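As a plain string of letters, each chain reads:
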Amino acid sequence: MAQHTSPSQTRPATARPDPTGSETLHAEVLVVGGGLVGATLASALASAGIETVVVDRENPEDVLKMTFDGRASAIAAGSRHMMEAIGLWDLVSDQAQPILDIMVTDGRIGRRKSPLHLHYDHREVGEAMGHIVENRVLRQGQQKLLPSFERLTVLAPVGVERVVRTTGHATASLTDGRKVRARLVAGCDGRGSPLRTSAEIRTAHWTYDQAGIVATLQHDADHQGTAHEHFLPSGPFAMLPMVDGPGGQHRSSIVWTERKRLAEHFHGLDQDAFAREVLRRFGPDYGDVREIGPRFNYPLSGLHAERYIDTRLALVGDSAHAIHPIAGQGLNLGLRDVAALAECIVDARRLGLDVGNPDVLRRYQRWRRPDNLILVAATHTLDHLFSNDFGPLRLARDLGLAGVNRIGPMKKLFMQHAMGTLGDLPRLIRGEQL
Amino acid sequence: MDQPPTAATQPGDPSAVEGVSVDPQEIGKFARMAETWWNPDGEMKPLHALNPVRVGYIRDRLAAHFAGKPAPGTSFEPLHGIDLLDVGCGAGLLAEPLARLGARVTGIDAAPEAVKAGRAHAELQGLEIDYRAGTVEALARTGRQFDAVTIMEVIEHVPDVDAFLATCGRLVRPGGLAVVSSVNRTAKSFLLAKVGAEYVLGWLPRGTHDWRRFVKPSEAARGLRAGGLRLAEVTGVVFDPLNGWQTARDSGVNYMIAAEKPDKG
Numbered sequence: 001m002a003q004h005t006s007p008s009q010t011r012p013a014t015a016r017p018d019p020t021g022s023e024t025l026h027a028e029v030l031v032v033g034g035g036l037v038g039a040t041l042a043s044a045l046a047s048a049g050i051e052t053v054v055v056d057r058e059n060p061e062d063v064l065k066m067t068f069d070g071r072a073s074a075i076a077a078g079s080r081h082m083m084e085a086i087g088l089w090d091l092v093s094d095q096a097q098p099i100l101d102i103m104v105t106d107g108r109i110g111r112r113k114s115p116l117h118l119h120y121d122h123r124e125v126g127e128a129m130g131h132i133v134e135n136r137v138l139r140q141g142q143q144k145l146l147p148s149f150e151r152l153t154v155l156a157p158v159g160v161e162r163v164v165r166t167t168g169h170a171t172a173s174l175t176d177g178r179k180v181r182a183r184l185v186a187g188c189d190g191r192g193s194p195l196r197t198s199a200e201i202r203t204a205h206w207t208y209d210q211a212g213i214v215a216t217l218q219h220d221a222d223h224q225g226t227a228h229e230h231f232l233p234s235g236p237f238a239m240l241p242m243v244d245g246p247g248g249q250h251r252s253s254i255v256w257t258e259r260k261r262l263a264e265h266f267h268g269l270d271q272d273a274f275a276r277e278v279l280r281r282f283g284p285d286y287g288d289v290r291e292i293g294p295r296f297n298y299p300l301s302g303l304h305a306e307r308y309i310d311t312r313l314a315l316v317g318d319s320a321h322a323i324h325p326i327a328g329q330g331l332n333l334g335l336r337d338v339a340a341l342a343e344c345i346v347d348a349r350r351l352g353l354d355v356g357n358p359d360v361l362r363r364y365q366r367w368r369r370p371d372n373l374i375l376v377a378a379t380h381t382l383d384h385l386f387s388n389d390f391g392p393l394r395l396a397r398d399l400g401l402a403g404v405n406r407i408g409p410m411k412k413l414f415m416q417h418a419m420g421t422l423g424d425l426p427r428l429i430r431g432e433q434l
Numbered sequence: 001m002d003q004p005p006t007a008a009t010q011p012g013d014p015s016a017v018e019g020v021s022v023d024p025q026e027i028g029k030f031a032r033m034a035e036t037w038w039n040p041d042g043e044m045k046p047l048h049a050l051n052p053v054r055v056g057y058i059r060d061r062l063a064a065h066f067a068g069k070p071a072p073g074t075s076f077e078p079l080h081g082i083d084l085l086d087v088g089c090g091a092g093l094l095a096e097p098l099a100r101l102g103a104r105v106t107g108i109d110a111a112p113e114a115v116k117a118g119r120a121h122a123e124l125q126g127l128e129i130d131y132r133a134g135t136v137e138a139l140a141r142t143g144r145q146f147d148a149v150t151i152m153e154v155i156e157h158v159p160d161v162d163a164f165l166a167t168c169g170r171l172v173r174p175g176g177l178a179v180v181s182s183v184n185r186t187a188k189s190f191l192l193a194k195v196g197a198e199y200v201l202g203w204l205p206r207g208t209h210d211w212r213r214f215v216k217p218s219e220a221a222r223g224l225r226a227g228g229l230r231l232a233e234v235t236g237v238v239f240d241p242l243n244g245w246q247t248a249r250d251s252g253v254n255y256m257i258a259a260e261k262p263d264k265g
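These protein sequence lines are chains A and B, in that order. At position 262 of the first sequence the residue is numbered 262 (UniProt numbering), and the sequence of numbers has no breaks. At position 28 of the second sequence the residue is numbered 28 (UniProt numbering), and the sequence of numbers has no breaks.
So here's chain A without its partners, still in its complex pose (with noise of 0.2 Å):
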């Protein structure tokens, strides 16, 4: 049999020369966006040989920084099972902390905290519903992990000046005065996304009245795997285990849901009022607490796309959905989307299609559209639901939990939902390569 070289399609995203002078890459994939979602993307795809280039307009030292992200993350088992196969989670496992049970309560400020309660214990499902890691380490397992794969170039500190996108390819200019040629899009730019309003992609979005105040804590107590959502009137209290501190410091990362003006004066407190406030509210469990680490306040609000994909451009994570962060499932939901159109990208390769073309796409969106619609929901629901104060509806909140704690198999549905582990999965999350 004669050889021959290959075609374009599977040169490296070398550098080569174009007729005006400037550096064209090129790749099979671009992804915009080098963040907790668009990296993973990244990865999978060139963990599964897909020439992908990633563009990320942040300094990569910048985002290992305290005061750049001092969010911790919730991840799912089907998450971590992704996060396996592409080889991210030895990069991460020993600053993950399981989750083995959650206590899920409701309350008042100053008050215990109602008996009647939720209790997930991991023993019923079977493994750790789920890890917290901090998104800090997440970053620097990515950073480790992105150079080690011979068919990914990451461009970063790199802006993206404009992307021209045709029925046959896609081109992005970039602020470096590079461009970069690829098959197909991947919008990981956030849930400002600017790819999702160049292709005048439309989005139901809606503001709370609320705030999430994020910080860490350092506690006497050991919190021995618990994770707690107390649900308060102005919105849900979370405390979230973290592994131990470098000096053995029992951590945990609260997440503390509240009215945006009171979350204002909340932010601005000295350290000693801060932790007073938490004491207030989560109760003497953990004994003393004292801050470390940065403090955060953000606004919450949620935006939902009305479509995921454009010619040649798949919206991915936060540009296409956007929740309340009161199911910690934002970035898992992220996460679930990278699965899914790395599938969908692999399976077309496989049969040597153009990944960017439109089938490919339409797969992608009937596979994640209806399953984000229903958390967008649920998560809206949720909130609505437990931020009130209204007496007959505090007592069939309490009576609801403590009916579907009793409820077995409920629960069992409920906590495997919640870990990612139900419904249409993609290779990925079940564990498999791609």
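Hints in this document: simulated from the structure, not taken from any laboratory. Watch out, some of these pointers could steer you wrong.
[Stated by the list, open to error] Cβ-to-Cβ under 8 Å is the rule here; a few derived chain B residues that face chain A:
1) E35
2) P40
3) H48
4) P52
5) V55
6) P97
7) L101
[What the hints assert, rightly or not] Reference listing, derived: stretches of chain A covered by chain B, where coverage requires no fewer than 3 residues with Cβ under 8 Å from a Cβ of chain B:
8) 167–175
9) 349–357
Source: prediction; values computed, not measured. The beta-carbon is built from N, C-alpha and C at its ideal position, and this holds for glycine as well.
Dock chain B against chain A, hints included.
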């Protein structure tokens, strides 16, 4: 909420989205024609829908035949090094995926416009495909042979199937493989492929097919035999409303045939 992509994918309008125009060189007559062929929602929609199952079948058969093992799931170029002729290539709907899978593809079609459109499209895709306008008879006379010859959705439009397939068979080298697909001539195919596809579902323009020209697998095998090939396998192709076209045992309507040419000696 499935929505077709923007107007940018409509035939005759290859202009870019975002109000930035496309490279004018791309808008040749044949590039425009290629846009029509390559629009998955356009006139060639049925072929686009059929493409995954037939590309998958050809890939797996060829990889198994030439490598002696099933197609690997990891490599994107399981057909690397295979010299392949696609007969009735049109604008390259099949030729391009096979080239991306690593095959060195020659495409032949009697319609020069289709071949030019194919060339224009392959150029844009950065694929090297040897497109030729002409007949298999003329190509066979040159004595050229290929590792594999694909004849997909062609023979139901050919007047003398026996002679045509015999010629195609001569284009396969000893030890090589041919893959043929067509529509069976059965009562079921009359209902589904003729009445159903053209009149009820509107998948194909009315008059696309003449049912009397549909070819039974046994008839296709007879023609291939005359070209020195031996029938290896007949596989049915059925439409599943949930998952699209799939291979199946039922070859009563659509089918694919693999046939081998024995090695010399």
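Are there hints from earlier that the structure breaks, and if so, what are their numbers?
none
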